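Model the full assembly from the supplied sequences, consistent with the hints where possible.
There are 2 protein chains.
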Amino acid sequence: MSNSETPIHFGIIGCAEIARKVSRAIYLSPNSTLHAIASRSIEKANNFAIKNNLLSNSLKIYGSYSELLDDPLVDAVYMPLPTSLHLHWAICAAEKKKHLLLEKPTALNVEELDKIVDACEKNGVQFMDASMWYHHPRTCKMMEMILDSKLFGHVKAIHSSSSYSPGQEFLENDIRVKPGLDGLGALGDAGWYCIGAILWAMNQTLPTTVTALPGVARNSAGVILTCSASLYWEKEETVATFYCSFVSHETMDLRVYGSNGTCYLYDFIIPFDENSASFNFTSGAKFVDLHIGWNMKPQVVEVASQLPQEALMIQEFASLVKAIKVSTNKPESKWPRTSRLTQLVLDAVNKSIDTGLQPVHM
Amino acid sequence: MSNSETPIHFGIIGCAEIARKVSRAIYLSPNSTLHAIASRSIEKANNFAIKNNLLSNSLKIYGSYSELLDDPLVDAVYMPLPTSLHLHWAICAAEKKKHLLLEKPTALNVEELDKIVDACEKNGVQFMDASMWYHHPRTCKMMEMILDSKLFGHVKAIHSSSSYSPGQEFLENDIRVKPGLDGLGALGDAGWYCIGAILWAMNQTLPTTVTALPGVARNSAGVILTCSASLYWEKEETVATFYCSFVSHETMDLRVYGSNGTCYLYDFIIPFDENSASFNFTSGAKFVDLHIGWNMKPQVVEVASQLPQEALMIQEFASLVKAIKVSTNKPESKWPRTSRLTQLVLDAVNKSIDTGLQPVHM
Chain A
1 MSNSETPIHF GIIGCAEIAR KVSRAIYLSP NSTLHAIASR SIEKANNFAI
51 KNNLLSNSLK IYGSYSELLD DPLVDAVYMP LPTSLHLHWA ICAAEKKKHL
101 LLEKPTALNV EELDKIVDAC EKNGVQFMDA SMWYHHPRTC KMMEMILDSK
151 LFGHVKAIHS SSSYSPGQEF LENDIRVKPG LDGLGALGDA GWYCIGAILW
201 AMNQTLPTTV TALPGVARNS AGVILTCSAS LYWEKEETVA TFYCSFVSHE
251 TMDLRVYGSN GTCYLYDFII PFDENSASFN FTSGAKFVDL HIGWNMKPQV
301 VEVASQLPQE ALMIQEFASL VKAIKVSTNK PESKWPRTSR LTQLVLDAVN
351 KSIDTGLQPV HM
Chain B
1 MSNSETPIHF GIIGCAEIAR KVSRAIYLSP NSTLHAIASR SIEKANNFAI
51 KNNLLSNSLK IYGSYSELLD DPLVDAVYMP LPTSLHLHWA ICAAEKKKHL
101 LLEKPTALNV EELDKIVDAC EKNGVQFMDA SMWYHHPRTC KMMEMILDSK
151 LFGHVKAIHS SSSYSPGQEF LENDIRVKPG LDGLGALGDA GWYCIGAILW
201 AMNQTLPTTV TALPGVARNS AGVILTCSAS LYWEKEETVA TFYCSFVSHE
251 TMDLRVYGSN GTCYLYDFII PFDENSASFN FTSGAKFVDL HIGWNMKPQV
301 VEVASQLPQE ALMIQEFASL VKAIKVSTNK PESKWPRTSR LTQLVLDAVN
351 KSIDTGLQPV HM
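If you read the protein sequences in the order shown, they are chains A and B.
Using the working numbering, the first residue of the first sequence is number 1, and each one after it goes up by one.
Using the working numbering, the first residue of the second sequence is number 1, and each one after it goes up by one.
Since the hints were made in silico from the structure, they are not lab data.
Mixed in with the good hints there might be a few duds.
[Said to hold, decoys possible] Using 27 angstroms as the maximum straight-line C-alpha spacing, the simulated DSSO-like pairs for lysine-lysine come out as follows:
no.	chain 1	residue 1	chain 2	residue 2
1	A	K97	A	K325
2	B	K51	A	K286
3	B	K235	A	K178
4	A	K141	B	K297
5	B	K297	A	K297
6	A	K235	B	K178
7	A	K286	B	K178
8	B	K96	B	K44
9	B	K44	B	K235
10	A	K51	B	K286
11	A	K351	B	K235
12	A	K235	B	K286
13	B	K141	A	K297
[What the hints assert, rightly or not] Residues on chain A that point at chain B, a partial pick, calculated with CB under 8 angstroms:
no.	residue
14	Y27
15	S161
16	S305
17	P308
All values derive from a computational prediction rather than experimental measurement.
From the three backbone atoms N, C-alpha and C, an ideal C-beta is built for every residue, glycine too.
Following this line, the structure appears as structure tokens:
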């Protein structure tokens, strides 16, 4: 096998539930292979491999994160560790020249993320956060239609939600509600997507102000279970709102209001169905005479995908890594920039919450 | 014809565009008849009647509002006048013992509305604002499902929009953007529906605070063309947001987020189609194993209606009027109460805008 055909060798650091989905994605992606798994104990890593049918002669099982990072055959690591561990382990990975696919939220705050991204830059490795929905062709098709000024016009308003209701056991004991582990709670876990989607719709332009809305709910340890915020772009005169929660029925909405059109979907984070995905688009809607109906119904735009979005993410990441390895390309700066903007807005929401819902100027 | 079979005789005061739709609704409603039309000139009223095929031997055409109010055969008036004229003419109508179906926004502020409602109470006439969507059986079906605590749970969040883009000529010259006529602009015209829908979802409970969001746009005369606001219910821990605009593509969204379910539709003000209406409802949605899809797609609930919602509004109003006339019932207080709560919140949004987006405590 020639060098350009060798798949990118992934190591997974941390056996979180989401690692099951990503290990399958690495298997499905044509330019990658799962080379190693590490957990804090070899038993945990072994059990994860057995449970997910990953065991093979070629799969390395490590009982510590450091051992995996010391494996010279590992090109890239996928890191679904609790957020509070990102700073340390992401920098370790970068210093070991491992390309880094980091679970969201990327860090506890933008200062931490900047240190991680700096380490990646210094060591010439690719950084990407593991938000999968950017990689679905549906996302690209939506953007194509939103950017069509005749069809859609300017973005006037955006609304997004990300919520689920995992139950009482989760609210007491899950990593995502532990102040020492994932201290950003629902804002970090679910709100990350809303903020990312809103920034995506605004072509990664930072808002002028970010203001949290009343109704922040916390668990007994002080971790956010529900919050909402509004974002405002002064020049564009655009307003966005989002709602995220661990105590609300499962939703993942994105609705983009344009001057000439409307684009929306309810499964932007995880498509309803792996084999097909769609969104709704309306342009030029008017009342019919007498205002007794509309001249059209929303158009359903179906977008086929040959691979699940998480496999497309792995494929895209691996191809960037390959280009760095083989063609000595520089890492793609779009991905750390996207993560950084999301983290910046997330920090601003947090700051607004902490200052009694005062607007935070960006 | 016995007294109980005599239809309620309507007079229309003001030949606004929307009066075309309502005159058709009066015709379609089985318990009402259009008895008279009044405009500021007899030519205008005549032209309206001719244009809408309303001319008949029995239709009276009046060249002044007072003449219509002096007609003893008029039981009830529908009043689609500019908002600034409501206070005067609505009170005149009540004092002439005419039941009052008043276009929204009901008044320039709640103080004015209180005077109108007081006049109706003193004179024993029914008051109702002309928000049609409350009267569609779809609205009733949605509420039935939202109130099912197993299916839907508690209301956690609400988002609504009402927007359209009638074009430059409208933005310069329409009654709805003239400070002396409809000074409430898009907030009064389009925002009325959002506020009404949010209060409806909250079972007509007033929010604890109302806060306008950044991004208020006005025309050169200072009338609101776009605005947004957040509403918060402290006890219920519920947050709602809405967006209304005269410069955005046509939307009329209502999305209600529950702890166990989600209910939403995109045509809540005017159904896409007069002959059928639907909404979406999801309950108990979860990710499937590996988080690669959902266990269900939203259910589309179709609700048939024998008459258009505006005819159902007329029928409901006429039946209340009939009960007062024939059975000496008292006027139904639910309708003025609903209007008053909507107007109160609308006033609070306006006050928040005028005080630099400060929260207004209700």
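Which numbered hints turn out to be false for this structure? The structure conflicts with hints 9, 12, 14 and 16, although it agrees with all the remaining ones.
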